[in-house]
Amino acid sequence: DTAVSQTPKYLVTQMGNDKSIKCEQNLGHDTMYWYKQDSKKFLKIMFSYNNKELIINETVPNRFSPKSPDKAHLNLHINSLELGDSAVYFCASSQDGRGNSPLHFGNGTRLTVT
Amino acid sequence: GNSVTQMEGPVTLSEEAFLTINCTYTATGYPSLFWYVQYPGEGLQLLLKATKADDKGSNKGFEATYRKETTSFHLEKGSVQVSDSAVYFCALSLQGAQKLVFGQGTRLTINP
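First to last, the sequence lines map onto chains A and B. Residue 27 in my numbering sits at position 27 of the first sequence, and the numbers go up by one each step. Residue 99 in my numbering sits at position 99 of the second sequence, and the numbers go up by one each step.
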């Protein structure tokens, strides 16, 4: 009954590979997000979707392509992985994406590119 | 632009000590303010929030007051426990902005 679940928890891969991270929320929320957390714990938004529609794309390289098949899912596909992509990626959701709706986070996917 | 600045960590305290983690913000408008906590190996969890000036958010003994005049939202707890050891993030969100802007996080360690 996890609210926001993402898989896999750990992902180790080589440079140049393509990988995907999946995210699902069972909260009935309209808005979903991907955040990237670097090694210094700094969190930065990558994308947000509202009802399957892309709302925010924060100057993320186009090697990163989010896909939202329905409002409960937001997957992240990464092409041609680079060393600098190593980070923890968090999926999150919120009720409606308005300013005072809190975010619910998944437990993160630690991506290591070697 | 919109930004959040937190006090540099790490912060190390003894159990039952008083905690303050400073947070100030810059925003074009009237943001909602949040504190999130991240325990080891987990995602962030909402700790408390305040949506307008002079509001006080509180949860699990933690408090923070939205101070518009000083653009601050400092986190306080009167008596910390070992289980409070975590990374704490201050964040803001503007109405309709569809995203949170986070501070850099403050790692807190409580020793028995």
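Rather than coming from a laboratory, the hints here were simulated on the basis of the structure. Among the hints, erroneous ones may be present.
[Stated by the list, open to error] Derived pair list, reagent style SDA-like, types lysine to any residue, alpha-carbon separation capped at 25 Å: (1) Lys41(A) x Ala53(B); (2) Lys52(A) x Lys40(A); (3) Lys40(A) x Gly29(B); (4) Lys22(A) x Leu11(A); (5) Lys41(A) x Val37(B); (6) Lys44(A) x Asp96(A); (7) Lys56(B) x Gly84(A); (8) Lys22(A) x Gln45(B); (9) Lys44(A) x Val82(B); (10) Lys19(A) x Asp96(A); (11) Lys36(A) x Lys56(B); (12) Lys56(B) x Glu8(B); (13) Lys60(B) x Asn100(A); (14) Lys56(B) x Gln81(B); (15) Lys41(A) x Glu69(B); (16) Lys44(A) x Gln104(B); (17) Lys60(B) x Thr112(A); (18) Lys40(A) x Leu19(B); (19) Lys9(A) x Ser85(B); (20) Lys19(A) x Pro61(A); (21) Lys22(A) x Asn59(B); (22) Lys41(A) x Thr12(B); (23) Lys41(A) x Asn59(B); (24) Lys36(A) x Thr5(B); (25) Lys40(A) x Lys52(B); (26) Lys40(A) x Lys56(B); (27) Lys52(B) x Asp30(A).
[To be verified] Restraint-style ranges between C-beta atoms, simulated for each label pair: (28) Asp96(A) x Pro10(B): 15 to 23 Å; (29) Asp38(A) x Glu16(B): 43 to 51 Å; (30) Asn26(A) x Glu8(B): 16 to 24 Å; (31) Tyr10(A) x Glu8(B): 24 to 32 Å; (32) Leu13(B) x Asp18(A): 40 to 48 Å; (33) Tyr30(B) x Thr59(A): 19 to 27 Å; (34) Gln95(B) x Ser80(A): 32 to 40 Å.
Yeah, the Cβ is synthetic: ideal placement off N, Cα and C, and Gly gets one too.
- prompt: Are tyrosine 30(B) and threonine 59(A) spaced within 19 to 27 Å by their CB atoms?
  reply: Given about 26 Å between the Cβ atoms, the range holds.
Take a quick look at whether lysine 19(A) and proline 61(A) sit within 25 Å of each other, Cα to Cα. 15 Å, holds
- Proposed proximity, serine 85(B) with lysine 9(A) (alpha carbon, max 25 Å): 22 Å, holds
Check the hint pairing lysine 60(B) with threonine 112(A) against an upper bound of 25 Å on the C-alpha distance. Roughly 35 Å separates the two Cα atoms, so the pair is violated.
- Message: Is 24 to 32 Å respected by the C-beta to C-beta distance linking tyrosine 10(A) and glutamate 8(B)?
- Response: 29 Å, holds
Inset, instruction - Below or equal to 25 Å on CA atoms is what counts here, so check lysine 56(B) against glutamate 8(B). - result: 23 Å, holds
Taking the CB of asparagine 26(A) and the CB of glutamate 8(B), does the distance hold inside 16 to 24 Å? Between asparagine 26(A) and glutamate 8(B), where Cβ atoms are some 38 Å apart, the hint is violated.
Between the alpha carbons of lysine 22(A) and asparagine 59(B), is the straight-line distance 25 Å or under? Given that 25 Å is the threshold and the Cα spacing comes to 31 Å, the pair is violated.
* Asked: Is the Cα-Cα distance between lysine 19(A) and aspartate 96(A) 25 Å or less?
  -> 29 Å, violated
Could you grab the alpha-carbon distance between lysine 41(A) and valine 37(B) and see if it respects the 25 Å cut-off? 12 Å, holds
- Task: Kindly confirm whether 43 to 51 Å is satisfied by the beta carbon distance between aspartate 38(A) and glutamate 16(B).
- Result: Check failed, 34 Å falls outside 43 to 51 Å.
(Q) Check the hint pairing lysine 40(A) with glycine 29(B) against an upper bound of 25 Å on the C-alpha distance. (A) 29 Å, violated
Consistency note: the structure conflicts with the earlier hints numbered 1, 2, 3, 7, 9, 10, 11, 15, 17, 21, 25, 26, 28, 29, 30.
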